[in-house]
Amino acid sequence: MWCNLGLYYQVLNFGMIVSSALMIWKGLMVATGSESPIVVVLRQNGDIKFLTKGDNNAVDDRGLYKQGQHWLEKKDVVGRARGFVPYIGIVTILMNDYPKFKYTVLFLLGLFVLVHRE
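Under UniProt numbering, the first residue of the sequence shown carries the number 1, and numbering increases by one thereafter.
I should point out that these hints are in silico values taken from the structure, not numbers from a laboratory. Treat the hints with caution; some may be incorrect.
To be verified - In silico DMTMM-like links for lysine to aspartate or glutamate, alpha-carbon gap of 25 Å or less:
(1) Lys66 - Asp76
(2) Lys26 - Asp76
(3) Lys74 - Asp61
(4) Lys75 - Asp60
(5) Lys75 - Asp61
(6) Lys74 - Asp60
(7) Lys26 - Asp60
To be verified - Computed Cβ-Cβ distance ranges for the label pairs, DEER-style:
(8) Val115 - Ser19: 15 to 23 Å
(9) Phe112 - His70: 41 to 49 Å
(10) Val77 - Leu7: 50 to 58 Å
(11) Ile17 - His70: 22 to 30 Å
In this text, a Cβ means the ideal position worked out from N, Cα and C, and glycines have one as well.
Take the sequences, apply the hints, and build the full model.
Okay, here's the thing in structure tokens:
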């Protein structure tokens, strides 16, 4: 039973990493009061445009915009962002658009945790 102590340690280490990520995500949800505390903003032609959607809505909020308006611009937004991380949304987009990429990244992270020895 004790001969696999290293394996038990690696599995426990992997569990700690997964649970830490979940705790950080839940903490951000509580701090921001939002189900999705991280938002991806796509840019086209250098202009920042937003498309809003309520947390509990099935569709976006375009029905609330002025007639013919499809996007909100910076002048339309009242409020402040607490911070931003440029280009981090690309990872979210890649993982949503390419599930094989997502599973490959998760597999490689898990493999790294299992074979990494401290």
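Comparing the hints with the structure gives:
1. Lys66 - Asp76: Between lysine 66 and aspartate 76 the Cα gap is close to 11 Å, so the pair holds against 25 Å.
2. Lys26 - Asp76: Violated, because 29 Å separates the two Cα atoms, which is more than 25 Å.
3. Lys74 - Asp61: Holds: lysine 74 and aspartate 61 sit about 16 Å apart, inside 25 Å.
4. Lys75 - Asp60: holds, 19 Å
5. Lys75 - Asp61: Given that 25 Å is the threshold and the Cα spacing comes to 17 Å, the pair holds.
6. Lys74 - Asp60: holds, 18 Å
7. Lys26 - Asp60: holds, 24 Å
8. Val115 - Ser19: 15 to 23 Å: holds, 20 Å
9. Phe112 - His70: 41 to 49 Å: Holds, at about 42 Å.
10. Val77 - Leu7: 50 to 58 Å: holds, 51 Å
11. Ile17 - His70: 22 to 30 Å: violated, 41 Å
Checked against the numbered hints listed earlier, the structure breaks hints 2 and 11; every other hint is satisfied.
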